[in-house]
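Chains A and B, in that order, give the protein sequences.
No gaps in the numbering here: position 118 of the first sequence is 118 in my numbering, and each next residue is one more.
No gaps in the numbering here: position 136 of the second sequence is 136 in my numbering, and each next residue is one more.
It cannot be assumed that every hint is accurate.
[What the hints assert, rightly or not] DSS-like, lysine-lysine: derived pairs with alpha carbons at most 27 Å apart:
#: 1; chain 1: B; residue 1: Lys47; chain 2: A; residue 2: Lys30
#: 2; chain 1: A; residue 1: Lys261; chain 2: A; residue 2: Lys197
#: 3; chain 1: B; residue 1: Lys110; chain 2: B; residue 2: Lys47
#: 4; chain 1: B; residue 1: Lys90; chain 2: A; residue 2: Lys30
#: 5; chain 1: B; residue 1: Lys97; chain 2: B; residue 2: Lys160
#: 6; chain 1: A; residue 1: Lys261; chain 2: A; residue 2: Lys215
#: 7; chain 1: B; residue 1: Lys160; chain 2: B; residue 2: Lys50
#: 8; chain 1: A; residue 1: Lys30; chain 2: B; residue 2: Lys153
#: 9; chain 1: A; residue 1: Lys197; chain 2: A; residue 2: Lys231
These are calculated hints, taken from the structure and not from any lab test.
Read off the chains here:
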Amino acid sequence: MNNVRFLIARRVVQITIILLYFGANYYGWKMLAGNLSSSLILGTIPLSDPYAVLQMFVAGAAISSNILIGAVIIFLFYAIFGGRAFCSWVCPVNIITDAANWTRRKFGFDMVAKKQPSTRNLRYWVLLISLIISFFLGLAAFEFISPISMIHRGIIFGMGFGWAAMVILYLFDLFVLKNGWCGHICPLGGFYSIIGKFRLLKVRHDSVACTGCMKCKVVCPESQVLHMIDKVSIPVTSGECTNCGRCIDVCEDNALGFFLKVDNNNKKGEINNEKNE
Amino acid sequence: MNHKQDKVKSYRQPLSKSRRGFLGTTRNIGLAILGGLTWSAYVDEAKANKLLLRPPGALDESDFLKTCIKCGLCVDACRNRDGNVIFDNKGQRIGTKDPTLRLAAPGDNKPLGTPFFIARENPCFMCDDIPCVPACPSGALDLLSVTNKKTKKLDVNMAKMGLAVVHKESCIAYWGLQCDACYRACPLLGKALTIDMQMNKRTGKHAFLLPVVHSDICTGCGLCEKACVVEKAAIFVLPREFAMGRVGTHYVKGWDKKDQQRVGEAQSIHTVTKRSEKRAIDKLNNLGGLLDE
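In isolation and in its complexed conformation, chain B is listed as follows:
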């Protein structure tokens, strides 16, 4: 009983001032670490590269996330662009069509507040004056990247929003049907998207008219994806980073001077393997204990 009372008493004893201060500070630091870690974990997860298409002229994703202030002026410009505003027959503005660009809202599972578009629903229509890019106050949409260096004029064909890829098995052109809807929809028809004719061996007398995307020209506007006639588009735009491979410096086109320049800056790696002291014949005869002697 006495012991128990002592225990209760010791709990109730007031803490010394220094001890109280120490505990308080420790608690604050602990809470700061707790909050900071939770917060950074969430943000790190949320910024993880998503399959999303950015407006024309967007910086690469990590710089874009840094620089975009999420003001939505590009979306404003996209909604109110020429041709998107609807007028009645008296010339009065009565509304707009849905714009291509949207700002990521909670539930979109995209980095919050940043502009993106979904090509299958509403592709980029490649306006000549690219209203969204000059509207950007932060430089996250880089005007220079879509300005022709010689003419100093905006050139939307320089945009690299993504790259269209074709899924052969669901593309009916690969079945031998004549389609070319994507080809007709492409604003750079004949350059970014061409039709490759091949013989259809199944019938022996028809041609396959196969869509082929050229990654050096394709802007990723998504008009092809929007036009695709199958249920889920067989040609679709992916961010270039996801859609493209990279050769690296191990291979080079020996017949192409430009390609040689590409690897020109590569640093050669010297790996030195220690020279075997055994004679080659011994090496061949030595089975490394695989067989019983």
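Next up, chain A with everything else stripped away, as it sits in the complex:
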């Protein structure tokens, strides 16, 4: 049970959020209404997707105060606290891409096509291009094609052919590119990677306790952020870490864990000696 703690917690959070949205539409609940683009807590506190608002701003829309306040709240939450936690704790696409990843590992597809034909920096390019297109076409460009919104909106308001987007993402991540959508293309993930750089919630690593089994690197959807494993006792500082906690789940040596800290260099309270000392 200990090795799926955060996995289960994430699924519970993801599904609860979608359920609350669904209930708001179908049963008139007030707790959380709207969808992941913009919503309302208890009919009063607005929340908005800051990346969508950025696109709207670039497109030349007049941003209302409600939307702006909502975007600032979300922005501050992830920038100060959660980092890219949206991707692993909220976004419903995460369930699909995790499933694709699991299938890859379970059936050994990883062994067939080992070479990744694409760079993870692609998402920052997509982010930039989305803003350029938004500017020239005068509308939020990514929101028009986003499979994320197709899926969460589909669950809450009616799916249409949105199920096709789910299948496409699953097959793409399974057969074309490992961690293809969430780890390479998604500009929303790129956006949160940038703003989450200085988050408080991070994963710490204790290289003394680490036995170098590398189970964490196998399950990590952004394994490049775990470059310090078995080498140095420093926290995961890359903004691309989604704080999913999967590495902590699978670690049997207690060498990984969440911690809250302002300082990126670890001083007191952290084990500072390196493995080979």
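Model the placement of chain B on the given structure of chain A, informed by the hints.
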């Protein structure tokens, strides 16, 4: 043989660092252009003006697409509006009827995630409190456009969602049958939709009761389209942009002061044609080489 080996060798020669960097950058820029163009082509096609009806108070289509954040709060409000919720006889909520507003899903062939309604299936019922408009956080549904300036109260009759038009050939009132279903369904009966009586010359003793839509009052709610009794509605709502013409500034009602104000801001265009130097009589006699001399 030797030549071939040379060729293979030249392929295998490692690229210089600068060349490698140059090729890499070129590839990235090329891919960015490829992706960007494909993406914009798709979006441009997808946003192209569609025949769809927006909720009350919606900004004009291009501003609407810019401003709407696609949150669906208007749809929430529409589904849970008064009168749409179904209660059992103990007063327990057991569900809702299908709401008028929907969010465009993949397959609807409408700009994704934006609210719209299909009048023939589920028209706008013109709620007095217009629940969908105050629910909008982005201002894409403009509260001011449906607020009476004098009383400061919401007035759904100010909405301009579309305009009903009548197809005469399929409207049975034009056949001489008495119908007036659309007229009875109109929430602004007698104002937005009136009945025009004309003599039926075919029988010589009956009247045509013809529906006439007045575009200055019609809100485009679609209740008439829903009520129409023929197989495919003979009266139907189109977005105003599609249903209406525009006179422009070339014509003006000389007897109407208001209309003169309309063209008041028009700028006059002076076109100067060079004066012909030929005498008029020569002009008439000159056939321009049409006839043999």
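Run the structure past the numbered hints and jot down the numbers of the failing ones, going up. 1
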